[in-house]
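> This is what each chain is made of:
Protein chains: 2
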Amino acid sequence: MEDREAASVSTQKLHSMDSLKAACANCNLRELCVPGGIPIEELVKLDAIVAMRRRVKRGESLFNVGEKFRSLYAVRTGFFKTRITSNDGRDQITGFQVPGELLGFDGVATEHHGVDAIALEDSEVCILPYNELERIARDFQPLQHQLHRVMSREIVREQNVMLLLGTMKAEERVAAFLLNLSERYRHLGYAANEYVLRMTRQEIGSYLGLKLETVSRSFSKFQEQGIIEARGKNIKLLKMEALRKLISATKS
Amino acid sequence: MEDREAASVSTQKLHSMDSLKAACANCNLRELCVPGGIPIEELVKLDAIVAMRRRVKRGESLFNVGEKFRSLYAVRTGFFKTRITSNDGRDQITGFQVPGELLGFDGVATEHHGVDAIALEDSEVCILPYNELERIARDFQPLQHQLHRVMSREIVREQNVMLLLGTMKAEERVAAFLLNLSERYRHLGYAANEYVLRMTRQEIGSYLGLKLETVSRSFSKFQEQGIIEARGKNIKLLKMEALRKLISATKS
DNA sequence: CGTAGCCTTGAGATGCATCAAGCATTGTGG
DNA sequence: CCACAATGCTTGATGCATCTCAAGGCTACG
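In order, the protein sequence lines correspond to chains A and B. According to our numbering, the residues represented by the first sequence are 1 to 252, in order. According to our numbering, the residues represented by the second sequence are 1 to 252, in order.
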């Protein structure tokens with residue numbers, strides 16, 4: 001419930017010399033800046049408000065349920081999970097976030113965060129104060145539109161997770177998960193067919209609505225079939241086409 | 001893929017005399033207008049762009065996957081479902097919409113609709129042309145903020161559905177569904193403990209990730225226990241507290 | 001080097017899906 | 001207005017996918 005930005009030691013104001021280029025030029029702020037083709041003079045304005053950074057160590061949270069919502073966060077480096085918890089203590093991972101992705105939209109509705117955001121490795125985020133973001137979005141239409149696009153994309157992503165949770169079998173879910181991660185790593189410029197998982201089997205299971213044993217068994221089965229190689233958290237996708245077939249095996 | 005607004009016979013321009021009051025004063029446009037406490041002069045602007053209506057008969061669709069996105073829709077009267085479909089033909093209902101709620105946010109990201117929206121009874125919607133909505137949101141901060149709140153609320157709603165699909169047992173899901181409908185009817189000024197379902201068992205099942213037989217059995221069981229009375233689509237909630245207990249029966 | 005967390009694998013239990021049959025309700029055309 | 005067809009709903013019997021419980025091995029970190 002506290003205002004962490006004010007208190008956090010790891011929050012730092014960038015030197016103004018840096019800030020012109022730093023935030024949106026060097027930063028992987030793909031989601032907000034890149035797709036709109038935002039011109040340089042507007043990037044400067046954005047830079048001005050995105051000048052704050054914050055480091056979050058592995059296992060620590062960026063924000064927690066109930067905290068006052070003030071900012072969105074753009075992942076610069078690292079890896080996060082978001083987690084929702086019900087009254088009676090059930091929880092579910094609602095997403096994993098990689099560099100370039102935005103966090104915190106759940107807080108806009110109620111002005112309080114509705115999920116926990118937890119770093120799965122040492123990470124760094126850009127802080128985007130939400131009031132200021134709304135202000136410059138009013139003056140600058142492409143940014144406004146881009147902001148709406150990102151929120152809409154999150155809605156669409158969640159609808160697809162609902163489809164996965166509501167209709168797919170365990171192995172199909174795991175295959176879809178592996179391919180989704182692959183696609184996102186590729187998009188970041190990393191290898192699409194070989195990566196290191198940042199989350200545990202139990203976290204994968206929580207996201208997919210499965211128990212960790214079921215995730216493990218799916219991995220083992222794919223490995224027997226020669227579709228993947230899984231040594232702990234090291235994953236190689238040997239037959240991506242076979243994985244794709246698994247999730248689109250025409251059900252009436 | 002067609003531009004229905006232009007072609008539809010049931011779309012009608014309101015008389016300008018009416019339009020001053022009609023759209024946001026008489027209309028149940030709760031989500032966008034009411035919570036912000038939007039002043040009358042701004043309501044006039046909103047009215048100007050919301051002057052178009054459209055009727056959708058039971059069973060017909062308001063929009064379909066792949067259609068060009070141009071507008072959001074506010075349900076004035078009636079009842080809708082939204083449905084997502086995967087490549088291989090699996091589908092899932094992603095939500096039910098009652099009067100006052102907005103439809104179509106999934107289209108903003110890609111400029112094409114990602115779900116089908118289908119009327120479950122004869123319905124009427126207000127058409128909110130999206131470009132114009134963005135334009136006046138730029139000039140009028142409370143509307144901008146309200147728009148963001150509504151999108152955020154949709155994100156939060158979907159996260160809660162993910163939690164339901166990922167962690168709850170069949171009867172818990174059905175109980176949660178009945179209570180959720182109850183709450184929304186209450187909010188519309190109807191009885192909270194007695195209502196008529198507008199959707200089939202199979203549609204409820206699709207939304208909850210269950211088969212229709214399982215939904216039916218849950219209803220029957222609740223009825224045996226005296227918690228509800230279910231005669232076809234007529235539902236009475238006799239013991240709301242018991243229903244609430246069902247969904248928060250402390251799981252470790 | 002030791003310990004705690006993480007992962008794998010097996011065996012058995014169970015909740016939900018599937019298949020099937022009959023009943024109820026709604027809408028339609030005679 | 002009635003008869004009938006189509007659609008929706010309920011209930012039972014059976015099968016199977018995934019969970020649960022358990023044990024042992026692996027890995028990473030202090």
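Worth double-checking, as some hints may not be accurate.
A pair holds if it fits inside one copy or across any two, identical chains being indistinguishable in the list.
[As the list claims (entries may be wrong)] Straight-line Cα separation of at most 25 Å, SDA-like style, residue types lysine to any residue; simulated pairs: (1) K169 x E134; (2) K57 x E229; (3) K221 x V65; (4) K68 x N160; (5) K68 x Q223; (6) K239 x I49; (7) K221 x Y185; (8) K169 x R90; (9) K245 x P142; (10) K245 x D88; (11) K169 x E203; (12) K221 x R135; (13) K245 x G226; (14) K221 x E203; (15) K236 x N131; (16) K239 x N87; (17) K221 x F140; (18) K233 x E132; (19) K239 x S86; (20) K211 x D91; (21) K245 x R135; (22) K239 x R76; (23) K169 x T214; (24) K211 x R157; (25) K211 x S248; (26) K239 x G89; (27) K245 x S86; (28) K211 x R76; (29) K211 x P142.
To be clear, the hints were calculated from the coordinates, so they are not data collected in a lab. Quantities reported herein were computed from a predicted structural model and do not represent experimental measurements.
> Taking the hints in turn, state whether each one holds.
The hints, checked one at a time:
In this assembly of identical chains, the alpha carbons of K169 and E134 never lie at most 25 Å apart, being 41 Å within a copy and 41 Å across copies at closest. In this assembly of identical chains, the alpha carbons of K57 and E229 never lie at most 25 Å apart, being 29 Å within a copy and 53 Å across copies at closest. Taking CA atoms no more than 25 Å apart as the test, K221 paired with V65 passes in neither setting, with 37 Å inside one copy and 35 Å between copies. Taking the shortest alpha-carbon separations for K68 and N160, only the inter-copy value of 20 Å comes in at or below 25 Å, while the best intra-copy value is 29 Å.
Within a single copy, K68 and Q223 get their C-alpha atoms no closer than 45 Å, and across copies no closer than 42 Å, so neither meets the 25 Å cut-off. Proximity of K239 to I49 under the C-alpha cut-off of 25 Å is found in neither arrangement, the shortest distances being 45 Å within a copy and 52 Å between copies. Taking the shortest alpha-carbon separations for K221 and Y185, only the intra-copy value of 24 Å comes in at or below 25 Å, while the best inter-copy value is 47 Å. Taking the shortest alpha-carbon separations for K169 and R90, both the intra-copy value of 21 Å and the inter-copy value of 12 Å come in at or below 25 Å.
In this assembly of identical chains, the alpha carbons of K245 and P142 never lie at most 25 Å apart, being 38 Å within a copy and 48 Å across copies at closest. For a Cα distance limit of 25 Å, the shortest separation of K245 from D88 across copies, 10 Å, qualifies, whereas the shortest one inside one copy, 38 Å, does not. When the C-alpha separation of K169 and E203 is checked against a cutoff of 25 Å, the pair qualifies both within a copy, at 18 Å, and between copies, at 20 Å. With identical chains, the CA atoms of K221 and R135 are never at most 25 Å apart, being 52 Å at best within one copy and 53 Å at best between copies.
Taking the closest pair of Cα atoms, K245 and G226 come within 25 Å of each other only inside a single copy of the chain (14 Å); across copies the shortest separation is 47 Å, beyond that limit. In this assembly of identical chains, the alpha carbons of K221 and E203 lie at most 25 Å apart only when taken from the same copy (19 Å versus 34 Å across copies). In the homo-oligomer, the alpha carbons of K236 and N131 never lie at most 25 Å apart, since the shortest distance is 43 Å inside one protomer and 45 Å across protomers. In this homomeric assembly, K239 and N87 come within 25 Å of each other (Cα to Cα) only across copies, at 20 Å, whereas the closest approach inside a single copy is 42 Å.
Proximity of K221 to F140 under the C-alpha cut-off of 25 Å is found in neither arrangement, the shortest distances being 52 Å within a copy and 56 Å between copies. For the homomeric pair K233 and E132, neither the shortest alpha-carbon distance inside one copy (40 Å) nor that between copies (49 Å) is at most 25 Å. Taking identical chains as interchangeable, the C-alpha atoms of K239 and S86 lie at most 25 Å apart only when they sit on different chains, with a minimum of 22 Å there against 38 Å within one chain. When the C-alpha separation of K211 and D91 is checked against a cutoff of 25 Å, the pair qualifies both within a copy, at 13 Å, and between copies, at 24 Å.
Taking the closest pair of Cα atoms, K245 and R135 never come within 25 Å of each other, the shortest separation being 46 Å inside a single copy and 44 Å across copies. For the identical chains of this complex, K239 and R76 are neighbours neither inside a copy (31 Å) nor across copies (50 Å), given an alpha-carbon limit of 25 Å. In this assembly of identical chains, the alpha carbons of K169 and T214 lie at most 25 Å apart whether taken from the same copy (11 Å) or from different copies (17 Å). Within a single copy, K211 and R157 get their C-alpha atoms as close as 22 Å, and across copies as close as 24 Å, so both meet the 25 Å cut-off.
Both within a single protomer and between protomers do K211 and S248 lie at most 25 Å apart by alpha-carbon distance, with minima of 23 Å and 20 Å respectively. With identical chains, the CA atoms of K239 and G89 are at most 25 Å apart between copies only, with a shortest distance of 23 Å across copies and 39 Å within one. Taking CA atoms no more than 25 Å apart as the test, K245 paired with S86 passes between copies only; the shortest distance there is 13 Å, against 35 Å inside one copy. For the identical chains of this complex, K211 and R76 are neighbours neither inside a copy (31 Å) nor across copies (43 Å), given an alpha-carbon limit of 25 Å.
For a Cα distance limit of 25 Å, the shortest separation of K211 from P142 qualifies neither inside one copy, at 43 Å, nor across copies, at 44 Å.
Against the hints set out earlier in the document, violations occur for numbers 1, 2, 3, 5, 6, 9, 12, 15, 17, 18, 21, 22, 28, 29.
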